[in-house]
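For the record, the sequence lines run as chains A and B. Position in the first sequence (first residue = 1) + 2 = this note's numbering. Position in the second sequence (first residue = 1) + 7 = this note's numbering.
Hints listed in this document are in silico derivations from the structure and should not be mistaken for laboratory results.
From the derived model, a few chain A residues whose C-beta atoms are all more than 12 Å from chain B:
1) Ile49
2) Asn102
3) Gly124
4) Gly187
5) Leu206
The list that follows gives simulated cross-link-like pairs (lysine to any residue, SDA-like), each with its CA atoms no further than 25 Å apart:
6) B:Lys161 x A:Arg235
7) B:Lys96 x A:Tyr229
8) B:Lys42 x A:Glu219
9) A:Lys70 x A:Ser133
10) B:Lys213 x B:Gly168
Covered stretches of chain A, as calculated for chain B (at least 3 residues, CB under 8 Å):
11) 159–172
12) 217–223
13) 236–244
Just so we're clear, the structure is a prediction, and the values are computed from it rather than from any experiment. Glycine included, C-beta positions come from ideal geometry on N, C-alpha and C.
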Amino acid sequence: MLKDITIGQFYPTGSFIHELDPRTKILITFAYIVGLFIVSSFISYGIVALFVLGCIFVSKIPVKYMLKGLKPLRVIIIITFIINIFMTSGTIIYSLGPLNVTVEGLYQGTFMAFRLVFLVVGTSLLTLTTSPIALTDGIENLLNPLKPIGIPAHELAMMMTIALRFIPTLLEETDKIMKAQMARGADFESGNIINRAKSLVPLLVPLFISAFRRADELAMAMEARCYRGGDNRTRMKQLVIQKNDIISMAVMGMFIAILIYVRIR
Amino acid sequence: MSYEGALYIEFKRGIYMEKMIKVDKVTYDYSNSEKEVIALNNISLEVKQGEFVVIIGHNGSGKSTLAKHLNALLLPTEGDVFVKGLNTKDESKIWDIRQFAGMVFQNPDNQIVATIVEEDVAFGPENLGLQPNEIRNRIESSLKVVDMEEFRHKAPHLLSGGQKQRIAIAGVIAMRPSCIIFDEPTAMLDPSGRKEVINTIKKLNKEEQITIIHITHFMEEAVNADRVIVMEDGDIVLEGTPREVFSQVERLKKLALDVPQVTELAHQLIKEGIDLPHDILTVDEMVMKLCQLK
Ligand SMILES: Nc1ncnc2c1ncn2[C@@H]1O[C@H](COP(=O)(O)OP(=O)(O)OP(=O)(O)O)[C@@H](O)[C@H]1O
Ligand SMILES: [Mg+2]
Chain A
3 MLKDITIGQF YPTGSFIHEL DPRTKILITF AYIVGLFIVS SFISYGIVAL
53 FVLGCIFVSK IPVKYMLKGL KPLRVIIIIT FIINIFMTSG TIIYSLGPLN
103 VTVEGLYQGT FMAFRLVFLV VGTSLLTLTT SPIALTDGIE NLLNPLKPIG
153 IPAHELAMMM TIALRFIPTL LEETDKIMKA QMARGADFES GNIINRAKSL
203 VPLLVPLFIS AFRRADELAM AMEARCYRGG DNRTRMKQLV IQKNDIISMA
253 VMGMFIAILI YVRIR
Chain B
8 MSYEGALYIE FKRGIYMEKM IKVDKVTYDY SNSEKEVIAL NNISLEVKQG
58 EFVVIIGHNG SGKSTLAKHL NALLLPTEGD VFVKGLNTKD ESKIWDIRQF
108 AGMVFQNPDN QIVATIVEED VAFGPENLGL QPNEIRNRIE SSLKVVDMEE
158 FRHKAPHLLS GGQKQRIAIA GVIAMRPSCI IFDEPTAMLD PSGRKEVINT
208 IKKLNKEEQI TIIHITHFME EAVNADRVIV MEDGDIVLEG TPREVFSQVE
258 RLKKLALDVP QVTELAHQLI KEGIDLPHDI LTVDEMVMKL CQLK
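Using the sequences and the accompanying hints, generate a full structural model.
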């Protein structure tokens, strides 16, 4: 059951966007996030929506699949919406005890909800079109110039790779331990929150012990294969910026320029 | 090349190439303030180029500790270990030593680093600083040797235990080692996975001329070795061809070890007064000898 969780949610379709250099996609995503904060009107959101829809279309990822990614976040979006409605002062249109609904609040709440939705859809486009390995490689490569100021680029990337590698293994193990404890009468499903949290202890303790043992063995296996950190290490996959990457960055530049123009107009 | 030069190379071959591994009076001490553990006790051992050595011994006899000495994962408290003539204590040679002497561990899950098979096989060559083209060539040839080419782009966690272990082996041979140490590589596998891995190990020895040191609890896996070494309390207590070692059934039992099932059967039959040799190792042999009776 736990095995079904797809981490990173890579959705390979081999589209134009999938084939881009991961660095390009990471940078574009960052630019996009910044762009979202330039937005100050619903007209701009219209532009953003068009842009995102265009990207989804090019990526060949089904829109339904994209929206499924929003589901777990709907609670956060709704809470943001409600808090904004009640917490913004201005023209009161409805009173609910000490809480006031204002026109400005309604506007602000809708605005924030949209921002969140676009944020999630845009960034999940990155993880859907980029395999976790490519993503890690891209991050390592982008952080490399920051090494002199003490950013451990290689180590961070290696940590991510190993985490990705061990997530399925540990999930499988959790499943196994859970079943073993259930066979001994453990109950993970009923009772109040405190009881449920308590019932997790016999699950987490063995899991942690095993994770540490695995880490120990993995470290030894890596050393045995001549691992000595990032120095002198080459990579099988070399990242190269191609024509398509430049085109994409240009498109992104234009998008940002339009957003800025709409804002200062 | 001058005559002296040629002689020198011959000389070097004689001394170094012949001896893949030399363990010289090694003692290893895990002791801490709480208790004293001497895992290796003045042990000496030599392994020749191309040899297939199997090490057996019950739990805690020091097999894994010895294995970790052979590629400088552990350094001797006393004594020296030489790999192709290089002392493992020489820090400047440590990466050469680890490239010469690869190691495969028991748990396949805990030695695979990457999320895609080919990326994992690439891990060792990347650490050696090879060029991308060369790395790709090595991935291809290594996966071919272990017969896992069609899994090149698969995720390791979806493979069976035997397949994972073969990927781990591919990751080691991609570094072109002269010697591979296997520390109970079959202990966590089902019988079919065990067979896959054992056949791969045999193939590495026969076809790739890789020296093999194979630690195992399965006596059947020792039958085809050139030499069997029995460890007890951090030292070698018995050593010889599989026939020599397994014919000493009583001695092995005292060491809390088994013999191959067929050898055990022969031993029982001899006890019952049937005229059989002590050193039967395989079912075929047993059938032959039994048919020749009367
Ligand atoms: N990290 C350690 N710290 C302290 N003692 C250790 C450590 N590792 C092993 N030992 C002890 O050293 C001795 C030899 O252990 P080793 O793992 O080499 O045995 P082994 O022959 O490989 O056993 P097994 O068949 O169980 O794998 C044992 O008594 C063990 O308890
Ligand atoms: Mg061991």
